[in-house]
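2 protein chains.
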Amino acid sequence: MKVQLEKISPQEIEKRSFEIITEELGDFPLIPGTEDIVKRCIHTSADFDYAQNLVFSRDAVEHACNAIKNGACIVTDTNMGKAGINKKVFSRYGGEIFCFMADWDVEERAKALGVTRAVASMDKAAELKQPLIFAIGNAPTALGRLYELIREGRLKPELVIGVPVGFVNVVQAKELIMETEVPYIVARGRKGGSNIAACICNALLYMLE
Amino acid sequence: MKVQLEKISPQEIEKRSFEIITEELGDFPLIPGTEDIVKRCIHTSADFDYAQNLVFSRDAVEHACNAIKNGACIVTDTNMGKAGINKKVFSRYGGEIFCFMADWDVEERAKALGVTRAVASMDKAAELKQPLIFAIGNAPTALGRLYELIREGRLKPELVIGVPVGFVNVVQAKELIMETEVPYIVARGRKGGSNIAACICNALLYMLE
Numbered sequence: 001m002k003v004q005l006e007k008i009s010p011q012e013i014e015k016r017s018f019e020i021i022t023e024e025l026g027d028f029p030l031i032p033g034t035e036d037i038v039k040r041c042i043h044t045s046a047d048f049d050y051a052q053n054l055v056f057s058r059d060a061v062e063h064a065c066n067a068i069k070n071g072a073c074i075v076t077d078t079n080m081g082k083a084g085i086n087k088k089v090f091s092r093y094g095g096e097i098f099c100f101m102a103d104w105d106v107e108e109r110a111k112a113l114g115v116t117r118a119v120a121s122m123d124k125a126a127e128l129k130q131p132l133i134f135a136i137g138n139a140p141t142a143l144g145r146l147y148e149l150i151r152e153g154r155l156k157p158e159l160v161i162g163v164p165v166g167f168v169n170v171v172q173a174k175e176l177i178m179e180t181e182v183p184y185i186v187a188r189g190r191k192g193g194s195n196i197a198a199c200i201c202n203a204l205l206y207m208l209e
Numbered sequence: 001m002k003v004q005l006e007k008i009s010p011q012e013i014e015k016r017s018f019e020i021i022t023e024e025l026g027d028f029p030l031i032p033g034t035e036d037i038v039k040r041c042i043h044t045s046a047d048f049d050y051a052q053n054l055v056f057s058r059d060a061v062e063h064a065c066n067a068i069k070n071g072a073c074i075v076t077d078t079n080m081g082k083a084g085i086n087k088k089v090f091s092r093y094g095g096e097i098f099c100f101m102a103d104w105d106v107e108e109r110a111k112a113l114g115v116t117r118a119v120a121s122m123d124k125a126a127e128l129k130q131p132l133i134f135a136i137g138n139a140p141t142a143l144g145r146l147y148e149l150i151r152e153g154r155l156k157p158e159l160v161i162g163v164p165v166g167f168v169n170v171v172q173a174k175e176l177i178m179e180t181e182v183p184y185i186v187a188r189g190r191k192g193g194s195n196i197a198a199c200i201c202n203a204l205l206y207m208l209e
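Protein sequences appear in the order of chains Z and W. Note that the first sequence covers residues 1 to 209 in the numbering used here. Note that the second sequence covers residues 1 to 209 in the numbering used here.
Next comes chain Z alone, as it looks inside the complex (with noise of 0.2 Å):
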């Protein structure tokens, strides 16, 4: 049989998706107010492991939207993290998003120390004055870092977005930042990415629509 494209406009084609995702998902359970989350990371990856693998800490994403509404800023571990934010929403809340990765400072210091670049951003970020929402896609190290300045009462972000992905220290990250006390969501295990990362900021920023 020859392969041939279904024809649909391109506005039907993410609502298409999304309807094939339900369905698939069938009764699986998902916490009420998270589903939309849940199927954005679905329908980035085409993956089905986070409908299971996403945690939420309690209200993690009414407090989050309430951050975002009050010009809460995003800060992210890599540039293609910050190019996958859909700008044009989130600017209208006034926040800004902010990579330091490429940063020379961060270079610098992450030399100096001995430290990942990754370590050196979020002690950058950790300076900022604004709400902060973290979106950590890529950096386990990243993660470990935002837990101890947690800790050290040095910061206190609005919203944790732990979604590393990889096999050296990301399981271990993700359960550290699960102790501390701020906000999270955070995709358990090994799995992740900077475009989940950027997939669940704007399913946030969606929700406020």
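Note that identical chains are pooled: a pair holds if it fits in a single copy or bridges any two copies.
Below 25 Å or equal to it, Euclidean Cα-Cα: the simulated BS3-like pairs (lysine-lysine) are:
#1 Lys15 to Lys87
#2 Lys111 to Lys15
#3 Lys87 to Lys124
#4 Lys124 to Lys156
#5 Lys69 to Lys156
#6 Lys124 to Lys7
#7 Lys69 to Lys124
#8 Lys88 to Lys111
#9 Lys87 to Lys111
#10 Lys2 to Lys156
Bear in mind the hints are in silico, worked out from the structure with no lab data behind them.
Given the coordinates of chain Z, work out where chain W should sit on it, guided by the hints.
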């Protein structure tokens, strides 16, 4: 037991990650010459499905590496994909990276024709005179349009990285691109993403070093 991070230097993290991936892949058969690409996709996603779903046309990797060495440009279908490509390494070979998705003329063309911006941005890319590698991680419509442009003889890419993710026309668009004569690397099925597209570009770049 208290959660603890493994002490490991920044330089060692990637090396150790690839060791874990190699270990867990065991004797799973990978096509000789494609191992680095497959493992980097797993590294990027923590998803071992990529060991099974990545399909390479004959000599695709060799052909792509030569194209990059000869100054081929990369066209992506998201700015996120563009952001993820290692520019420091890529710039050594003289090529440029293009993403036309946010261009005003692409938006106008898409509106006028009732197509996605991804389709319109592929039309714009087809006018480039340089040798081209397409890294499609998001829009199946971009891949579908590439198929048409190739079939019509209006485009002859050096490589098509066909890894859009999703639920509508994604599987079909990938099968279509594999029917052409152009070199391809495709993630068969629903999975993929801008991160995977960028990571395949980077894997090719690191093979050249």
